[in-house]
Every structure is written in C-alpha cells, then in structure tokens.
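Each protein sequence line maps, in turn, to chains A and B.
Residues in the first sequence are numbered consecutively from 0, following numbering that gives the first Met the number 0.
Residues in the second sequence are numbered consecutively from 0, following numbering that gives the first Met the number 0.
Don't take each hint at face value.
FRET-style restraints, in silico, Cβ to Cβ [to be verified]:
#1 A:Gln89 <-> B:Ala109: 49 to 57 Å
#2 B:Leu102 <-> A:Arg186: 19 to 27 Å
#3 B:Gln159 <-> A:Ser140: 44 to 52 Å
#4 A:Ser140 <-> B:Gln49: 20 to 28 Å
#5 B:Leu140 <-> A:Leu12: 33 to 41 Å
#6 A:Gln242 <-> B:Phe58: 28 to 36 Å
#7 B:Tyr126 <-> A:Leu266: 24 to 32 Å
#8 A:Val51 <-> B:Gln159: 23 to 31 Å
#9 A:Ser226 <-> B:Tyr126: 23 to 31 Å
#10 B:Gly54 <-> A:Leu79: 52 to 60 Å
#11 B:Ala31 <-> A:Pro55: 30 to 38 Å
#12 A:Gly216 <-> B:Gly54: 49 to 57 Å
#13 A:Arg258 <-> B:Tyr126: 21 to 29 Å
#14 B:Tyr10 <-> A:Gln242: 52 to 60 Å
The calculated lysine to any residue pairs, modelled on SDA-like cross-linking and capped at a C-alpha distance of 25 Å, are [said to hold, decoys possible]:
#15 B:Lys29 <-> A:Arg190
#16 B:Lys29 <-> A:Gln154
#17 B:Lys29 <-> A:Leu196
#18 B:Lys29 <-> A:Asp152
#19 B:Lys29 <-> A:Arg258
#20 B:Lys29 <-> A:Lys141
#21 B:Lys157 <-> A:Val201
#22 B:Lys29 <-> A:Gly61
#23 B:Lys157 <-> B:Lys29
#24 A:Lys141 <-> A:Leu266
#25 B:Lys29 <-> A:Thr57
#26 A:Lys141 <-> B:Lys91
#27 B:Lys91 <-> A:Gly61
#28 B:Lys29 <-> A:Arg13
#29 A:Lys141 <-> B:Val67
#30 B:Lys29 <-> A:Val51
#31 B:Lys29 <-> A:Val201
Chain B stretches covered by chain A per the calculated footprint, using a threshold of three residues with CB under 8 Å from any CB of chain A [unchecked claim]:
#32 42 to 56
#33 66 to 75
#34 79 to 88
#35 113 to 121
#36 124 to 133
These are computed hints drawn from the structure, not numbers from a lab.
For every residue, glycine included, the Cβ atom is placed at its ideal position computed from N, Cα and C.
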Amino acid sequence: MNQSYRRGPSLPLRLFLAVVLSAGLMFLDRYTDSSTQLRSYLTTAVSPLFYVASLPETLFSGASEQFMSQQAVLEENARLKETLLQQSGQLQLMAYLQQENDKLRALLGSSAAIEGERLVAEVLAVYSHPFSHQVVLNKGSKHGVTEHQAVIDDQGIVGQIVSVGPASSRALLISDNTHAIAVRAERSGVRAIVEGLGQWDVLRVLHLPHSTDIREGDRLLSSGLDSRFPEGYPVARVVRISQDASQPFMLVYAEPYARLDRIRHVLLLSKLQQAIDATDLVTQEQP
Amino acid sequence: MRKAGRIGFVYLSVFIALLLTVMPMPQLVKLARPDWALLVLMYWTMALPQRVSVGTAFFTGFVVDVLVGTVLGVNALAFAVVIFVVAQHHLKMRNFSVVQQSLLLGLLLALYQLLLFWLSHFLTGVYFMPQYLWPVVTGMLVWPWLFWLLRRYRRQLKIQ
Chain A
0 MNQSYRRGPS LPLRLFLAVV LSAGLMFLDR YTDSSTQLRS YLTTAVSPLF YVASLPETLF
60 SGASEQFMSQ QAVLEENARL KETLLQQSGQ LQLMAYLQQE NDKLRALLGS SAAIEGERLV
120 AEVLAVYSHP FSHQVVLNKG SKHGVTEHQA VIDDQGIVGQ IVSVGPASSR ALLISDNTHA
180 IAVRAERSGV RAIVEGLGQW DVLRVLHLPH STDIREGDRL LSSGLDSRFP EGYPVARVVR
240 ISQDASQPFM LVYAEPYARL DRIRHVLLLS KLQQAIDATD LVTQEQP
Chain B
0 MRKAGRIGFV YLSVFIALLL TVMPMPQLVK LARPDWALLV LMYWTMALPQ RVSVGTAFFT
60 GFVVDVLVGT VLGVNALAFA VVIFVVAQHH LKMRNFSVVQ QSLLLGLLLA LYQLLLFWLS
120 HFLTGVYFMP QYLWPVVTGM LVWPWLFWLL RRYRRQLKIQ
C-alpha cells in the first residue's frame, strides 16, 4: 500500500479511523478505571527514553561537580555541617515531644502514630506540559513504591504518585490542573481545599465564604482529611485575597512551599504512616 | 528490502524528536519548547506523503501522550488532524518558499495547540493562558533550520 500513489480515498478514511480510535482512548483513559494499569505498562515501556533524554543533563551536572574547586567544596561542606548541627539540635527536642505526644495519645486511648518508611527518589524528568504537571521519579515497584504515596521535598508537599513501573514512577504535582488537596490554615484552623491551576507558583483555595478568617501570609498545612496526604505537612502560603461581594466565595490564591519547578530530590512517605494518620484523625476530632 | 531499511531512518529522526520533547530543560526554555515531533512529522509528510501520514502521526501522538502524561489520545488526535491537513496539501506546500511554509505551519501549529487545549479543557477543565502559544512562535522560527537539516538528512541517506 505504501508504494501506491493513488492514496486519494484512503486518507480521509485513515483520519476517520484515527479520530475514532483516539476518541475511544480518551474515553477509556478519562472515564474508566482500567487505564491506571494500562498507563503503568506504558510508562514502563517508555522509561528507557526518559533515561536517554536525561543523559546530557546528568553528564553536565556530573562534570560540573568534577570541576568544582576544592574551596567551594569545603565551603559547602562547612555549610552542610552547620545545618546538620542545627537540625539535629531540633531533633533532640523532637524526640522528647514525640514521646510526650505518644503518652498523651495513650491517655486519650488513641493509637500511637508510627513513623513509616521514607524513600528518597530523584527526579528523572519534569514534564512541563502546561496541561499536565508531572514528574518521573527513578524509584518504582522494585523499591516498594505504590500508588497514591505522598511526595514531599525539603519545603513541603510536592504531589502524589499516580502510576508505578518497575523502576520508575510518575508523580502528579499539586500545581496540576486535576489535583486538589485538603488543607487547614495553621493560624485559624479553617479547613479548605487547594486546587492546582496549571501554573507553577500559584494555587487556588476553593469555596471559602466571605466571612472566613483567613489572611495573607497564612500557612496552609495538609489536613489529612483526603486520606491521601498525611496530616501537618506545609502545602502553601496565602499570597493574595480578593473580596468581590458579587461572587459567592472569596478568591484566595496561595503559593506552594515546595519549589515545584526545580525539584531534584524528593521524599516518598510510605502508605503505612498515612493509613495510621487517617485513622487517628477519626478518633482525634476536637471536642 | 532496501526500502524497508530506509524508512528506518525516518523513524530514527522521529525518535530523536521525541527525545527532545522530554529532555529536561530550564523552566523558561521549557515553556517555549517547539513541538519537535510534530515539526519532524510535518517535514516527512510533505516530502514522502505516501510513506508517512495519518497512521504514523497517530502512533507518534500516542507516544507523546504517554511521555507527557496528557489524557491518552489527545495528542494522537491532534497529530492526526494536523498531519491530515499537511498530507492533503503537500503538493502545494512543497512549492512555497521556506518563509511562506513557516507562516503556514504557524497556522497549523496554532491549530494543534488549540485542539490540544479544547480537548484538555473538555476532559480535565484546564484554563487558557496566552503563554501556551509560545511553541507556535518558536516552531515557526525553528522550521527553516529544521527543514534544511532534514532535507540534507534525506538526500544524504537517499530516503524515499
């Protein structure tokens, strides 16, 4: 068929077939559950491509580390030691607080929070399509990654795992258009939902009535009510509030703490911890 | 059999375009990244419409969907439609000068972006932002160089 030059009638037919096929795919992917498995297979199939595509960057950053001057390395080392010292100082107090918290929980009769496993993963590829904010991580089911695990960086929540291959997985970022997360304002305890807009630096806080106690600069922490994300991790900071009386709700915008556009290393929180956090929440409702 | 070997080079160029599509880039550059795979397919459709057309475009679009993480089938559909238009008018487009071609391709790239946006808006409710159209501009700027490069590639390797 390729050799034939009479391709007149077949072209529209081919287009028709392509349209029907892709409409079927879209329906399958959007409105049925079977696509998650399918996507995992497909992610696995194309993961070598990601490795190859990130090769130049890996080489460059490797080379730049090679040629870093000793002075710079020493400075960095000193800085890191200082941060380590400060953080381990804080951790000592943390251990004490943890113990106290466990005792109080025991008094209340609720189960103790168990620290789950944490897994460090590196970002292989950030997909930057405006309609899908996702990153590909270099850890997969081989390393114990499962779907819906929460992903954080050193500043706050980054997103959640949506599909897993054997050696790589894909995380949906909180800035993605299809992503929403349950939060609580740290100062006032107001509960809300934060939705991605497809922009890296802005999220939107949904459905807050005009009388809600919220201010610019409020820290929004994950509330755990969505039973996907563990409670208490920083998500975003309120940056802009516009009150328009003609609108049913306030327009509140927040800036994510995690530096979504330049993440390299992330932490995957294990499912175990999240499950316990979620059950705790039920028993631990405020009076 | 020789011909079967030759078409492999076409797929090789498409593969390289797909690599460029997912290659990590700084944020600013990424927003303006041209649609490499679509541009390369456009060239091959214009040059060899009896070998590369809607079928190849559909498949490549599907791979882009998987790589990019858009709803499966969105890119496949947009690729197929745009390449269909190119395949229909390949004789006319071949006769244009490179500058005219890139102006025309600008329209097609805009059509591609709009199709993508409409479908995604319908399926996942994304909002439109004017900076989504940057790839159209960069695509138009890149086209003359890509055209020259791919023509050399085709002639050197005698792909037909």
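Hints versus structure:
Distance hint check for A:Gln89 and B:Ala109: the Cβ-Cβ separation is about 53 Å, which falls inside the suggested range of 49 to 57 Å. The hinted range of 19 to 27 Å is not satisfied by B:Leu102 and A:Arg186, whose Cβ atoms lie roughly 55 Å apart. As the Cβ distance of B:Gln159 to A:Ser140 is approximately 45 Å, the hint placing it in 44 to 52 Å holds. A hinted range of 20 to 28 Å is violated for the C-beta pair A:Ser140 and B:Gln49, which are about 44 Å apart.
In this structure the supplied range 33 to 41 Å holds for B:Leu140 paired with A:Leu12, their Cβ-Cβ distance being about 35 Å. Evaluation of the 28 to 36 Å hint for A:Gln242 and B:Phe58 yields a failure: the beta carbon distance comes to about 51 Å. A beta carbon spacing of about 30 Å between B:Tyr126 and A:Leu266 agrees with the range 24 to 32 Å that was offered as a hint. Range check, A:Val51 to B:Gln159: Cβ separation about 29 Å, and the 23 to 31 Å hint holds.
The hint said 23 to 31 Å for the Cβ distance between A:Ser226 and B:Tyr126, and at roughly 28 Å that hint holds. Range check, B:Gly54 to A:Leu79: Cβ separation about 54 Å, and the 52 to 60 Å hint holds. Our hint of 30 to 38 Å for B:Ala31 and A:Pro55 is violated, since their Cβ atoms are close to 19 Å apart. A hinted range of 49 to 57 Å for the beta carbons of A:Gly216 and B:Gly54 is consistent with their spacing of about 55 Å.
The supplied range of 21 to 29 Å is met by A:Arg258 and B:Tyr126, whose beta-carbon atoms lie about 22 Å from each other. Separated by about 57 Å at the C-beta atoms, B:Tyr10 and A:Gln242 satisfy the suggested range of 52 to 60 Å. For the suggested pair B:Lys29 and A:Arg190, the alpha carbons sit about 35 Å apart, so the restraint of at most 25 Å is broken. Of the pairs offered as hints, the one joining B:Lys29 and A:Gln154 holds, with about 24 Å between alpha carbons and a cut-off of 25 Å not exceeded.
With a C-alpha separation of about 18 Å, the suggested pair B:Lys29 and A:Leu196 falls inside the 25 Å cut-off, and the hint holds. Only pairs whose Cα atoms come within 25 Å are accepted, and B:Lys29 paired with A:Asp152 is accepted, the gap being roughly 22 Å. About 16 Å separates the Cα atoms of B:Lys29 and A:Arg258, which keeps this hinted pair within 25 Å; it holds. Simply put, B:Lys29 and A:Lys141 have alpha-carbon atoms about 31 Å apart, too far for the 25 Å limit, and the pair is violated.
Straight-line distance between C-alpha atoms of B:Lys157 and A:Val201 comes to about 51 Å, which puts the hinted pair past the 25 Å bound. A C-alpha spacing of about 22 Å is found between B:Lys29 and A:Gly61, which places the hinted pair at or below 25 Å, so the restraint holds. A distance of roughly 34 Å separates the Cα atoms of B:Lys157 and B:Lys29; the hinted pair therefore is violated under the 25 Å criterion. With a CA separation close to 16 Å, the supplied pair A:Lys141 and A:Leu266 stays within the 25 Å bound.
Straight-line distance between C-alpha atoms of B:Lys29 and A:Thr57 comes to about 18 Å, which keeps the hinted pair within the 25 Å bound. This hinted pair does not check out: A:Lys141 and B:Lys91 have alpha carbons roughly 53 Å apart, beyond 25 Å. This hinted pair does not check out: B:Lys91 and A:Gly61 have alpha carbons roughly 49 Å apart, beyond 25 Å. Proximity of B:Lys29 to A:Arg13 is assessed by CA-CA distance (about 33 Å); at most 25 Å being required, the pair is judged violated.
Annotation: proposed proximity of A:Lys141 to B:Val67 holds, straight-line Cα distance about 23 Å (limit 25 Å). Simply put, B:Lys29 and A:Val51 have alpha-carbon atoms about 18 Å apart, close enough for the 25 Å limit, and the pair holds. A distance of roughly 18 Å separates the Cα atoms of B:Lys29 and A:Val201; the hinted pair therefore holds under the 25 Å criterion. As drawn, the stretch 42 to 56 of chain B meets chain A at 7 residues by the rule of a beta-carbon pair under 8 Å; at three or more, the given contact holds.
Only residues whose C-beta sits within less than 8 Å of a C-beta in chain A count toward coverage, and the stretch 66 to 75 of chain B has 9 of them, enough to reach three; the restraint holds. Here the stretch 79 to 88 of chain B counts 5 residues with a CB under 8 Å from a CB of chain A, which clears the bar of 3, and the coverage holds. For the stretch 113 to 121 of chain B, the stated coverage by chain A is satisfied: 4 residues place a CB nearer than 8 Å to a CB of that chain, which reaches the threshold of 3. For the stretch 124 to 133 of chain B, the assignment as covered by chain A holds, since 6 residues bring a beta-carbon within under 8 Å of that chain's beta-carbons and 3 suffice.
In summary, the structure is inconsistent with hints 2, 4, 6, 11, 15, 20, 21, 23, 26, 27, 28 from the numbered list given earlier, while agreeing with the others.
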